[in-house]
Amino acid sequence: MKYTPVDIEENVNISKVSPLVQAFQIMAGFFIVVAALFVVCSIFADFIVQYIPIEWEHKLFVKNTKSKYPQTQAKLNELVQGLCKKTKSKNCKYYKLNIITCKQPNAYASLGGQILVTDSFLKFIKSENELSFVLSHELSHIINKDPEKNLSRQILMGLILSIFTQDAKVAEIMNYSANNVTLAYSREVEKRADLEAVETINNYYGNTAGSIDLFERIMKKDKNPEIFYYFSTHPPYQSRIENIKNYIKENNYFYNSSQKRPIKFVEKKIKK
Amino acid sequence: MGEIIISIILLLVAFSSGTLIEKRHYKSIRQREKAYLTIPILTTKELPVESDKIESVQLVGDGVVIAGDHFKMFLAGLINLVGGRITTYESLIDRARREATLRMMKKARLVNADMIINFRIETSNINSIQDNSEKHKNAAIEAFAYGTAIRVKK
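Here the protein sequences line up with chains L and W, keeping their order.
Okay, so the first sequence: first residue is 1 according to our numbering, each after it adds one.
Okay, so the second sequence: first residue is 273 according to our numbering, each after it adds one.
Careful: at least some of the hints might be erroneous.
With a straight-line cut-off of 27 Å between C-alpha atoms, the simulated DSSO-like cross-links for lysine-lysine are [stated by the list, open to error]: (1) W:K426 with L:K2; (2) W:K325 with L:K2; (3) W:K306 with L:K16.
Calculated from the structure, these hints are not laboratory results.
Okay, chain W solo, but in the shape it has when bound (with noise of 0.2 Å):
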C-alpha cells in the first residue's frame, strides 16, 4: 500500500513539473523562432544563388539533450502495452528538435550568415547510457542540428 501512495505521489510531482517546463520550454521557443524567421534554411544541397556571388560558407550546428519525465515514461510504458501512438514522446522529439535548430540558428546569426542550406537532424536515443538494466532506464533525447550557413555578397 505504501509502495502505491509512494509511486502515485512521485507521478503526481512528475506531471506536474514536467508539465511547467513543457510550456516554458515552448514559449521560450516560440519566442525564438519568431526572431530567427529573417534567416532561411533550406534542405537543398544546391546553392540557391550562383557562386561567384558567395562571400564565405561555413558548417553551423548544434546539438540539445532533453530528458523525460517520471510520468511520461509511466504512460509510454503503458501505452507499450496496448500499442498506438506514444502522445508522450512526441512532445519532447519535437521540443529537442526545435531547440537545436534554434541553436544552431544562433550560431548562424554570429557568423552573420543570410541562409543555411543542406539543413539536417540528426536524432539518437540515449537511454540506457549507464546501466544497461530496467530499473535505471531514462527516456532522455538528443538532437544534432546542422547545415551550411552562407554568407552573399552585398
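Same shape as in the complex, but just chain L (with noise of 0.2 Å):
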C-alpha cells in the first residue's frame, strides 16, 4: 500500500456566502414582514375600534378626581364643549378635560374621551385661540378615536412580535422597526389632526388665528435639527406651521392675529 499525499486548496465545509449581506437580507426582509403585520393589525385595530361603544370606555377610564385647578378645570371643560360643538362629534358630554399637575409643558388626548393637560402647559399658553387649537387637535384625535386605535394596535403588534422575543437581539430590532412604522403612521395622524382642529377653531371664532403661535413660540426655544423629528411622533414644527398656513390660504378662511382673546379663567395660583 502506498500512500500519496494530496493538499487539497478549496475548503467546501463552509459556504461562500457573504455574512453581511446575508445580515442584511434578512434584516430587510423582517422590515417588510413588521410593516405588513403593522397595516394589517392596523387595519383590524381601526374596525374594532368602531364597536367600542363611548359609554363603556368612559365607565372604564374616565374617573372623577378631584382636581388642584377646579374653577380653571370647569372653564376649560366649558371651552371643550363649545369646541366639540362645531366639530361632526354627537359624543360631546363624554368629552371631558382634567388638569394634571407635570413639570412638562403638554397635552394629551387619552382613551375615554379625557383630554389631559398639564398646569405647565397653561403657564405657556399667551391667548385663548392659542389654546382652543391645541384643545381642538387634541378633541380630533378623540372624535377619530386614535388613542384607542393607538392601544389596540400596539397590543395586537405586542401580541406578535412576543413571538420572536426568545431571541432578545433579534426581538430589539423588530421593535425598532415596528416602532419606526407606528412613527410615521404617527406623524400623519398628527398631520390630520392638526388641520382638523383648523376647521374647528374657524368654525367656533370665524378666525383661524392661534393656530401657529404655539409652534412659533416653541420653535425659538427649540434647537433641535431636523433629523431628530425623524425619531419622534410628530412632525417637525415648521412643516406643521407650513401645512397650516398653507391650509388656511386654500380654504381661504380668516386670519387675523390681532383679533385673538386674552386668556383670563387660568387661575392665579397656576400662573406661579
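Make the complex out of the two chains shown on their own, each in a separate frame, by following the hints.
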C-alpha cells in the first residue's frame, strides 16, 4: 500500500456567502414583514375600535378625581364643549378635560374621551385662541378614536412580536422596525389632527388666528436639528406651520392675529 | 435610539475583529496542514500493516475551544427565525475540527508516529456553561481529535 499525500486547497466545508449581505437581506425581510403586520393590525384595530361604545370607555377609563384647579378646569371644560359642538361629534357629553400636575408642558388625548393638560402647559399659553387650537387638536384625536386605535394596535403588535422575544437581540431589531413604522403613521395622524383643529377654531371664532402661535414660540426655544424628527411621533414644527398656513390659504379662511381673545380664566396659582 | 447605535457599533466591531481573526487562523491552519501532510490519517480500526512489523502504538489526541463573535451569533439568531444553513457557524466548526486535528498531529510528530489509525473527532457545545439564561449565551465550540499513533519497524 502506498500513501500519496494530496493537498486540497479548496474548503468545501464553508459556504461562500457574505455574512453582511445575508444579515442585510434577512433584516430587510423582517422590516417588510413587520410593516405588513403593522398594516394588517392597523386595519383590524381601526375596524374593531368603531364598535366600542363610548359609554363603556367612559365608565372604564374616566375617573372623577378632585382637581387642584377646579375653577380653571370647569372653564376649560366649557370651552371644550363649545369647541366640540363645532365638530362632527355626537358624543360631546362624554368628553372631559382634566388638569394634571407636571413640569413638562404638554396636552394629551386619552382613552374614554379624556383630554389631559398639564399645569405647566397652561402657564405657557398666551391667548384663548391658541389654547382652543390645542384643545381642538386633541379633540380631533378623540373624535377619530386615535388613542384607542393606538392602544389596540400596540397590543396586537406586542402579541405578535412576543413570539420573537426568544432571542433578545432579534426582538430588539423587530421592535425597532415596528416603532419606526408606528412613528411614520403617527406623524400622518398628527397632520390630520392639526388641519381638523384649524377647521374647528375657524367654526368657533370665525378666525384662524392662534393656530400657529404655539409652534412658532416652541420653535424659538427648541433647537433640535431636523434629523431628530425622523425618530419622533410628531412632524417638525416648521412643516406643521407650513401645512396649517397652506390649509388656511387654500380654504380662504379669515386670519387676523390682532383679534385674538386674551386668556382670563387661568387661576393665579397656576400662573405662579 | 442610543441603544440601537451601540448595538450596531458592537456588531461592526465584532464583525471586523471576527473576520480578521478567522483569516489569520485559516492562514496558519493551511500552513501547518501542509507541514503535516506526510503522516497519513486513517479512520479504519484494522492495522494496515502486519502486527509483527509494528514497533509501538499510542493514543494521541488534543482539543481546542473556539468562540464565535457577537456578529456571528447575531446572524445565527436571525437565521434561526427563518431557517436554513447557519453559514456563520460553518467556518467556526470547520476551524475547531481542523485545529484539533493539527494539535493531535503535533503530538503524533512528537512520538515519531508513522501513521494514525482509528481517527475520530468529538464535538461538544459549551455555550451555556456559566449561566443558562438567554443573555449570557455564548457560541463556543469544543472539538477533540484523537487516534492511535503507530510506529512501524524500519
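Results of checking the hints against the structure:
1. Annotation: proposed proximity of K426 of chain W to K2 of chain L holds, straight-line Cα distance about 16 Å (limit 27 Å).
2. For the proposed pair K325 of chain W and K2 of chain L, the alpha carbon gap of about 16 Å is at most 27 Å, so the pair holds.
3. At roughly 23 Å between alpha-carbon atoms, K306 of chain W and K16 of chain L fall within 27 Å of each other, so this suggested pair holds.
Of the hints listed earlier, there is not a single one the structure fails to meet.
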